[in-house]
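Colleague: Following the hints, complete the assembly by docking chain B onto the known chain A.
Chains A and B, in that order, give the protein sequences. If you count the first sequence from 1, you need to add 2 to reach our numbering. If you count the second sequence from 1, you need to add 2 to reach our numbering.
No wet-lab data here; the hints were simulated from the structure. Built from N, CA and C at the ideal position, the CB exists for glycine as well. Among the hints, a few may not be true.
To give an idea of the chain A side of the interface with chain B (calculated C-beta under 7 Å), a few residues [to be verified]:
(1) Leu-28
(2) Phe-46
(3) His-79
(4) Val-80
(5) Ser-83
(6) Leu-84
(7) Asp-97
(8) Ala-101
(9) Leu-104
(10) Val-105
Computed spacing ranges between beta-carbons, pair by pair [said to hold, decoys possible]:
(11) Glu-173(A) / Arg-294(B): 57 to 65 Å
(12) Asp-91(A) / Glu-68(B): 28 to 36 Å
(13) Met-87(A) / Leu-282(B): 41 to 49 Å
(14) Thr-44(B) / Glu-173(A): 22 to 30 Å
(15) Asp-91(A) / Glu-173(B): 32 to 40 Å
(16) His-114(B) / Gln-85(A): 18 to 26 Å
(17) His-114(B) / Tyr-313(A): 56 to 64 Å
(18) Glu-82(B) / Asp-91(A): 44 to 52 Å
(19) Glu-82(B) / Pro-182(A): 31 to 39 Å
(20) Gly-162(B) / Pro-182(A): 36 to 44 Å
(21) Glu-82(B) / Met-87(A): 16 to 24 Å
Number of protein chains: 2
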Amino acid sequence: MADLKVVALAGGVGGAKLADGLAQVLQHDQLTIIVNTADDFTHFGLRISPDLDTVCYTLAGVANPETGWGRLNETWHVFESLQEMGMPDWFQLGDSDLATHLVRSMRLHEGHTLSQITQDFCGMWGIDIKVLPMSDDVIQTWVYTNEGDLEFQEYFVHQGCRPIIKGFKFEGAEKSKPAPGVLEAIDQSNAIIICPSNPWVSIDPILSIPNIKAALENHLVFAVSPIIGSRTIKGPAAKMFMEMGVPPSAKAVAQHYGRLIHCLIIDNSDNALVKEINELSIRTFVTDILMRDRSDRGRLAREIIEYINAYVRG
Amino acid sequence: MADLKVVALAGGVGGAKLADGLAQVLQHDQLTIIVNTADDFTHFGLRISPDLDTVCYTLAGVANPETGWGRLNETWHVFESLQEMGMPDWFQLGDSDLATHLVRSMRLHEGHTLSQITQDFCGMWGIDIKVLPMSDDVIQTWVYTNEGDLEFQEYFVHQGCRPIIKGFKFEGAEKSKPAPGVLEAIDQSNAIIICPSNPWVSIDPILSIPNIKAALENHLVFAVSPIIGSRTIKGPAAKMFMEMGVPPSAKAVAQHYGRLIHCLIIDNSDNALVKEINELSIRTFVTDILMRDRSDRGRLAREIIEYINAYVRG
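Isolated chain A, as found in the complex (with noise of 0.2 Å):
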């Protein structure tokens, strides 16, 4: 599988770990992970990348594995003083967190593109495969609910993804172009692999993009689904099928991806699934998706690529 070249598409926590058992399985220059922006916000003036940092974070190996988010061994005294001074603390700062934030909003301010900025970051974390915003237009995701119109940070963080969900909008995609390399590396590969992130709000942002859609669909897509049974693993994919009138689960997942993909990857306790979603005609492979540890992202990302092996060799 040495000439395989795979693009993964990533949103936050299940799409880092996936990317990180990538990894472990290709050669660095086998692999470039697509990553969602829409989720990006400001706050106390800083530009805040969710999706990216969780997914550097995770590649670098300084992620939290507690939280899902944030740094591991963090400090939080900037956070406190914050909180002493009566500030909002519904989005929680670490002090090594932060300092990615401020160099961040710095070469911004000075104009540099947040892909240069990602390169750069990956450079000093010692990351050597290719990771990449989706754009480097500003896009942002809104959350239509039955509270009104919530940016993604408020409704997700903030509100704890407790308001009802009505749909979504991503605002700026429309007109937005993928970073640069993000086409080129779609056009280069022999598979695209939708990492396990959620399908509504980290996976649509990326395909809202017109051209990255596009070059999709000339292109073999492998799955991975969020849910198995009716729950996801983390985060409010489940939740967010449910209040958009559909039962969650790996069908779901297929459904919802619909044409663009060629095979969806389900847990073996959804194997009773297989038939229903083949007749969507989409294949499916059947395997142990739950990714509990480090060793276990490397083994489902090997059996997904030896997989695709054989797919793409027919």
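Modeller: Frame of chain A; chain B shown alone:
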């Protein structure tokens, strides 16, 4: 002296010390501190107001007495992370200090003025006297040197005041307005005290705002010499006098302020200069002007206020 109303003009450390002394001696409605903001700058995208912070931290009792800047019991986690990321480390940013800059930057970004923010900070830090930035407009000190034109913090902190001074510019001053409350405080005062701050880069920027300069001309102005013998207690004032072609001394300070001031408060050790200063039509009050500790600040402030009180009452 209960009906005396005083306005003090202050820059960094020397200004903060005397402001603290005056706050010990006067009632909160008798004192307004107007602070230089021309050495404010943007660093890591954050708006930093060194003189306002030094004055407020000192009045709040949280200033670091060792350094003259920053806070007591400070930690450096973010700064160490920034250093690890290879970022410029010539301007030190402690964790709790950083929280101040984050909140100020966020609120400026939201459209609040520096004077509103400063008022709220004072409320939060239990400072009951009025502290006003000289202006809500951006005014920036440039230092002309033998190594080119330098932004103030570049000269002061990064270059450690090493380049030879040729002159100064307070960019934006001509068209600037005093912050709300500044002219009112001056109008209602019986006396203006120019703190022992650097005449060239702490006090001159305040005087460079046309309406402030004009308002002061109708008032009794008492300046405290920042120079004892031929030296400053802290900072580059003596070096600046020298490089501007004037041997540094209390007399040089008197000449610098000229007709603006009615009295110069000088150190016992400079008693020999009394006659020469008086010949400039500037009175002298001679005492121990060195503020070694907090009680010294109160002692000097009390002596100055008693002197002013006697002066005002003729």
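Colleague: None of the hints should be skipped; say for each whether it holds.
Modeller: Hint-by-hint comparison with the structure:
1. Leu-28: With a minimum Cβ separation of about 27 Å from chain B (threshold 7 Å), the hint on Leu-28(A) is violated.
2. Phe-46: With a closest approach of 4 Å, the Phe-46(A) hint holds.
3. His-79: It holds, given that the least Cβ distance between His-79(A) and chain B is near 4 Å, below 7 Å.
4. Val-80: OK, holds: Val-80(A) within 7 Å of chain B, min 5 Å.
5. Ser-83: holds, 3 Å
6. Leu-84: holds, 5 Å
7. Asp-97: holds, 4 Å
8. Ala-101: Result: holds, 3 Å to nearest chain B Cβ.
9. Leu-104: holds, 4 Å
10. Val-105: holds, 6 Å
11. Glu-173(A) / Arg-294(B): 57 to 65 Å: holds, 60 Å
12. Asp-91(A) / Glu-68(B): 28 to 36 Å: Because 31 Å falls inside the window, the suggested range holds.
13. Met-87(A) / Leu-282(B): 41 to 49 Å: holds, 47 Å
14. Thr-44(B) / Glu-173(A): 22 to 30 Å: Cβ of Thr-44(B) to Cβ of Glu-173(A): about 28 Å, so the range 22 to 30 Å holds.
15. Asp-91(A) / Glu-173(B): 32 to 40 Å: holds, 38 Å
16. His-114(B) / Gln-85(A): 18 to 26 Å: Cβ of His-114(B) to Cβ of Gln-85(A): about 20 Å, so the range 18 to 26 Å holds.
17. His-114(B) / Tyr-313(A): 56 to 64 Å: holds, 58 Å
18. Glu-82(B) / Asp-91(A): 44 to 52 Å: Violated, since Glu-82(B) and Asp-91(A) (Cβ atoms, about 23 Å apart) do not stay within the stated range.
19. Glu-82(B) / Pro-182(A): 31 to 39 Å: About 32 Å separates the Cβ atoms of Glu-82(B) and Pro-182(A), which means 31 to 39 Å holds.
20. Gly-162(B) / Pro-182(A): 36 to 44 Å: holds, 40 Å
21. Glu-82(B) / Met-87(A): 16 to 24 Å: holds, 22 Å
The structure fails hints 1 and 18 (numbered hints given earlier, in ascending order).
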